[in-house]
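K.L.:
The residues making up each chain are set out below.
2 protein chains.
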Amino acid sequence: MKTYLDCIPCFFKQALYSARMSKATKKTQKKILDQLAGIIPKISLESSPPEMARIIHKQMFKFTKQHDPYKKVKMQSNRMALEILDKLKAQVSHARDRLLMATKLAIAGNIIDYGAKHSLDVGGELKKIINQENKAIQKENKIIFNYGHFKSALKRAKTILYLADNAGETVFDRILIEEIKKIDNKKEIIYAVKEKPAINDALVEDALFCGIDRSAKVMSSGVDAPGTVLELCSKDFLKVYSRADMVISKGQGNFEALSSAKRPIFFMFMAKCPVVAREVNCQIGNIVLLYKGKK
Amino acid sequence: MKTYLDCIPCFFKQALYSARMSKATKKTQKKILDQLAGIIPKISLESSPPEMARIIHKQMFKFTKQHDPYKKVKMQSNRMALEILDKLKAQVSHARDRLLMATKLAIAGNIIDYGAKHSLDVGGELKKIINQENKAIQKENKIIFNYGHFKSALKRAKTILYLADNAGETVFDRILIEEIKKIDNKKEIIYAVKEKPAINDALVEDALFCGIDRSAKVMSSGVDAPGTVLELCSKDFLKVYSRADMVISKGQGNFEALSSAKRPIFFMFMAKCPVVAREVNCQIGNIVLLYKGKK
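Residue numbers (this note's numbering), protein chains in the order written: chain X, 1 to 295; chain C, 1 to 295.
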């Protein structure tokens, strides 16, 4: 997905928020916004928003020297999600369609995103989303939720590449991955995280902390942007990416980076901004399971 | 009120929205944002947001040559509000405290603001706000609604300066002004609008179209910013401003421009952005009747 003009105000919002996360003084915060203002006339709208976000955060580092300003927040998210892991698992156990519930939860876990929303009530929001998603299923025609397709692709796939989004959300991914493994233990699942800090995106340390490595192979994509921008990925990752039978991509950032990819991908995310909602033709707040086929 | 760093993303949002209202091409929209980016490092955060908005819109004019991009929208708002005038009047007639209801409606009319919110469902929103305000009165300590003070100041005042905000909202103001005149026909009410187009702020033509001149004297403040910035006001207006027994200031823009004014002012607005909500210590969406005394 290319960068829209509507993304520009949002870049300033994100930069300001990240500057504050880095404990920058007000003077430094202003300097960071001034610096960003200097970049705006030079940006290519052909780049995807995560590529832009990467440049912004790299520039910010020059002022704040904070390598990983979201580290504390990410660990909080991991802990918060782990605390409700048993409850979430019970929800799956009691569901009529276990895979469906695990899928719902994995998408709902995408509420943990400090990039787009700066406050969080996991319990409350989760309930709302699950209910909303029930309604979504009822009116499946109106909502993008390609579950049937997802289920059958999953059945066939031997190697699944699962692109992680945020820390904390990783716990929700673990539930879906464990469920997939329960269906067929022989499937190989590779859980790919970011190489270096990018907002609150999960790194290897988050994946391990959340126990994903019990049922999936954890690897880094080599990327230091808040989305899996293929041009920035490592060769090792690209091999896995092209050979995998199925790719599950979590979160808006990965969608923005990969929406024009040539290979088939299942995108799972909550639409958090008007630009993405317009791009996929849904409402803000909708949870989306979108299949994009081969180009 | 000074400009906060949080206002900067919003300036870009407003500029983009206004550029689209001016039917600027995408290329011109980008140029306008680039131009704004060039201004950011030079702005003084000591200026109020309406002063900044004025500069942005003046720059925009250079590209779009659109003197009054919101003209059509303003007339739509005027017509839309006039259509429900009788209903609104009936609401006042049936109220136990007529003045309170008219005051509520005048504040609720502040939903008509394309500067802060870009879609509008007057009927629905109004109902919500009126109910919210009922709740607000019940918990008066938690909500800023200095109605008692407002009522007694109104009783004493012989000359009242009423600072208009948006087109359309003017109809709601008319209801309050007519109610004040019903209580005491001898009160002199001056309804001050902006001199030149500033977003969707009411001009003399809007005030006349909405029939305010039946019960108030309509004048221009001399200002071409979306807030009554005293430094930009005409001498005639400043005379009225300093001599009036009471000043009623409508909308966020006027609050932002006058919150540090030396004379007592009653501010009426709906809090539409986190910065203003924090400034007055309320929630976004709250309707506010705030008295600020002599400094």
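It is possible that some hints are incorrect.
Identical chains blur together in the list; that is why a pair holds if it fits in one copy or across any two.
Only pairs whose alpha carbons sit at most 30 Å apart, straight line, appear in this in silico DSSO-like list of lysine-lysine [as the list claims (entries may be wrong)]: (1) LYS87 - LYS27; (2) LYS27 - LYS217; (3) LYS71 - LYS292; (4) LYS151 - LYS27; (5) LYS26 - LYS295; (6) LYS27 - LYS262; (7) LYS23 - LYS272; (8) LYS26 - LYS262; (9) LYS13 - LYS30; (10) LYS89 - LYS181; (11) LYS187 - LYS31; (12) LYS26 - LYS292.
Since the hints were made in silico from the structure, they are not lab data. Computed from a prediction, not measured in an experiment: that's the story for all the values here.
K.L.:
Indicate, hint by hint, whether the structure satisfies it.
P.N.:
How the hints compare with the structure:
| no. | hint | verdict |
| --- | --- | --- |
| 1 | LYS87 - LYS27 | neither (45 Å within a copy, 51 Å between copies) |
| 2 | LYS27 - LYS217 | neither (44 Å within a copy, 46 Å between copies) |
| 3 | LYS71 - LYS292 | neither (33 Å within a copy, 43 Å between copies) |
| 4 | LYS151 - LYS27 | neither (52 Å within a copy, 44 Å between copies) |
| 5 | LYS26 - LYS295 | between (47 Å within a copy, 28 Å between copies) |
| 6 | LYS27 - LYS262 | between (44 Å within a copy, 29 Å between copies) |
| 7 | LYS23 - LYS272 | both (26 Å within a copy, 27 Å between copies) |
| 8 | LYS26 - LYS262 | between (44 Å within a copy, 28 Å between copies) |
| 9 | LYS13 - LYS30 | both (12 Å within a copy, 18 Å between copies) |
| 10 | LYS89 - LYS181 | within (14 Å within a copy, 66 Å between copies) |
| 11 | LYS187 - LYS31 | neither (50 Å within a copy, 51 Å between copies) |
| 12 | LYS26 - LYS292 | between (43 Å within a copy, 28 Å between copies) |
In the structure shown, a violation is registered for the earlier hints numbered 1, 2, 3, 4 and 11, in ascending order.
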